[in-house]
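S.K.: The residues making up each chain are set out below.
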Amino acid sequence: MCILLKSAKFYQVPPQALVIIMAIWTGPLFALDSFQVHGFINQGYFLSSDNNMYGNSDSKNGTLDFTEIGINSSIRPLSNLRLAIQGVYRHAGQTNNDARIDYALVDWTAIEKENYQLGFRLGRIKNPLGFYNDTRDVAFTRPSIFLPQGIYQERSRDLFLSSDGGQFYLNTDTPIGKFFLQINAGKLEDDPEELEIAILNFNAPGHLCIKPAYMGKLEFESNSGATRLAFSYADIDMDYKPGAGDIVAAGDLSFELLVFSAQQSFGQFTVTAEYLRQHNTFKNLGPRYPGSKPTSESYYLQSDYRFNNQLQGIIRYDASYLNKDDRKGELYSTLTGSPNYLAYSKDYMAGMRWTPNNSWMVQAEYHRIDGVSSLSFADNSDKMSLKQHWNLLTLQLSYRF
Amino acid sequence: MRQITWLLLLVLTPISLASQAVEVVSHPDLGIDSLSKHKARNIFSMRTHIWPNGDPIKVFVLNDDSDLHKQFSKHRLGIFPYKLRRVWDRYLFSGTGQVPTTVASEEEMIKAISSTKGAIGYANKGNVNVHIIEIR
Chain R
38 MCILLKSAKF YQVPPQALVI IMAIWTGPLF ALDSFQVHGF INQGYFLSSD
88 NNMYGNSDSK NGTLDFTEIG INSSIRPLSN LRLAIQGVYR HAGQTNNDAR
138 IDYALVDWTA IEKENYQLGF RLGRIKNPLG FYNDTRDVAF TRPSIFLPQG
188 IYQERSRDLF LSSDGGQFYL NTDTPIGKFF LQINAGKLED DPEELEIAIL
238 NFNAPGHLCI KPAYMGKLEF ESNSGATRLA FSYADIDMDY KPGAGDIVAA
288 GDLSFELLVF SAQQSFGQFT VTAEYLRQHN TFKNLGPRYP GSKPTSESYY
338 LQSDYRFNNQ LQGIIRYDAS YLNKDDRKGE LYSTLTGSPN YLAYSKDYMA
388 GMRWTPNNSW MVQAEYHRID GVSSLSFADN SDKMSLKQHW NLLTLQLSYR
438 F
Chain G
97 MRQITWLLLL VLTPISLASQ AVEVVSHPDL GIDSLSKHKA RNIFSMRTHI
147 WPNGDPIKVF VLNDDSDLHK QFSKHRLGIF PYKLRRVWDR YLFSGTGQVP
197 TTVASEEEMI KAISSTKGAI GYANKGNVNV HIIEIR
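Keeping their order, the protein sequence lines are chains R and G. Throughout the first sequence, residue numbering follows my numbering, covering 38 to 438 in sequence. Throughout the second sequence, residue numbering follows my numbering, covering 97 to 232 in sequence.
Chain R with its partners taken away, still in its complex shape:
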């Protein structure tokens, strides 16, 4: 099943190819009145006191190495059939610099009644996980410049983006509110390098082969829209296939994620909280990696306030622990020889958002962070030089159409 070369990423396509695919898709469909095209461009600026985020943010002048560009198109040729495609280019420091098909699907609403809809989506489908995962690359859907890193980790981002397979969905409208159920089954993106380094502690010559995975979300929204609650679940199993001269053995890894999400609005004031519990299992990876079953834990509490139609303020506390039984990272430090603060991160954030009109958005945020478990390895190749306490200033300009 998993025979890809280390450097060949199945999911990635050159930007030129993406444009051609989009053009072939859209060409003949212009005539239909349900045809829609939308997109976004997003440019970030990151400046940190220490450590790198989305490029060389630790440099004197900071970095502009965070860009996201997306274009999507959809059409409804029949009343119960919809086709949709989205291409996204993302440059995030050394972590990503590529274009990919984000979703490409056929959506068939098998039953649409007054109080419920039931249907299937086939193709490449976004993975529902928490409130934000299925739109995580789109600035206008994020509450802040970057999502809380405990739950929406950069390291496992590629893995959770989308599934090549199918989705079953059921939407119901009840007297107390609406329920939305989505269940995905499919193949996830292969060879998640960041994840491999996080688990094995170095970029091993072999690679991780991911088995077809299941994930799902049940969401409730009150009739007024003021209350949203969700429960998400994912179960992902993978094998490690050793490379030449590998010190890591052909072992098994599995991840079970449970995410609880809640949001409540009180007029112009909104409180959001999400909690992730992740059960990890590592077995048979060889003598250097004794089998273990750590449980990771992350959560955040966020509140935002709308001063008026254009101006919004936000504050958040986001905490993340690789092993909930080793919150200070002492065991981690003993086992890996790396500093203990690689095993957690605690981030206090305050920010402002200005939306002068429907098309433009400007954001500014300040973070005070203790720990570095959320940082990407690609941007921070020398783990020993990472600093425990660091501050981050970030600005972002976004446009949509």
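Don't take each hint at face value.
[Stated by the list, open to error] Covered stretches of chain G, going by a simulated chain R footprint (3 or more residues, C-beta under 8 Å): (1) 118-130; (2) 152-163; (3) 172-185.
[As the list claims (entries may be wrong)] From the derived model, a few chain R residues whose C-beta atoms are all more than 12 Å from chain G: (4) Asn93; (5) Gly107; (6) Leu115; (7) Val125; (8) Pro165; (9) Thr172; (10) Gly243; (11) Gly280; (12) Ala310; (13) Gly323; (14) Tyr336; (15) Gly374; (16) Met389; (17) Tyr403; (18) His426.
[To be verified] Computed list of lysine to aspartate or glutamate pairs in EDC-like fashion (alpha-carbon distance at most 20 Å, straight line): (19) G/Lys135 x R/Glu230; (20) R/Lys278 x R/Asp289; (21) G/Lys207 x R/Asp70; (22) G/Lys170 x G/Glu202; (23) G/Lys213 x R/Glu258; (24) G/Lys135 x R/Asp87; (25) R/Lys248 x R/Glu231; (26) G/Lys179 x R/Asp341; (27) R/Lys215 x R/Glu256; (28) G/Lys166 x G/Glu230; (29) R/Lys150 x G/Asp151; (30) R/Lys420 x R/Glu231; (31) G/Lys133 x R/Glu258; (32) R/Lys224 x R/Glu256; (33) G/Lys166 x G/Glu204; (34) R/Lys224 x R/Asp272; (35) R/Lys215 x G/Asp185; (36) G/Lys133 x R/Glu151; (37) G/Lys179 x G/Asp161; (38) G/Lys221 x G/Glu202; (39) G/Lys221 x G/Asp129; (40) R/Lys248 x R/Asp289.
Just so you know, the hints here were simulated from the structure itself, not pulled from any lab data. For clarity, every value in this text was computed on a predicted model and none was experimentally measured. Every residue, glycine too, gets a C-beta built ideally from N, C-alpha and C.
Take the given structure of chain R and dock chain G to it, following the hints.
M.R.: Chain G in isolation, oriented as in the chain R frame:
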């Protein structure tokens, strides 16, 4: 005290009348005379896709910043425009739904609705060529 109440009424009446002037309108052949606020919200949130007669629903709106859109959102649906936009964005960027077609002016709205089967949108009172749907 009573004088103040009357004075307030007198002052506020023209404003409230003005805000009531926006009407939900549809293609003349749709044959629906009224909708509950709940159903209207589902339609304009892009959560309901098909009319009872089986035709696809085609939703037209003005820009979020236009006064007519704000009045419509607030007085006919009872939700803030930014909340509508949030729902649309979630559907659009996750690939799970379509968004309304945005037209540049009220004239364009009337033109689009009167010429598109299954179309719904809104307009100031007194427009011809479209059918008014009462929101209960």
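S.K.: Compare the structure with the hints numbered earlier in the document and write down the numbers of the violated ones, lowest to highest.
M.R.: 1, 5, 6, 7, 8, 9, 19, 23, 24, 32
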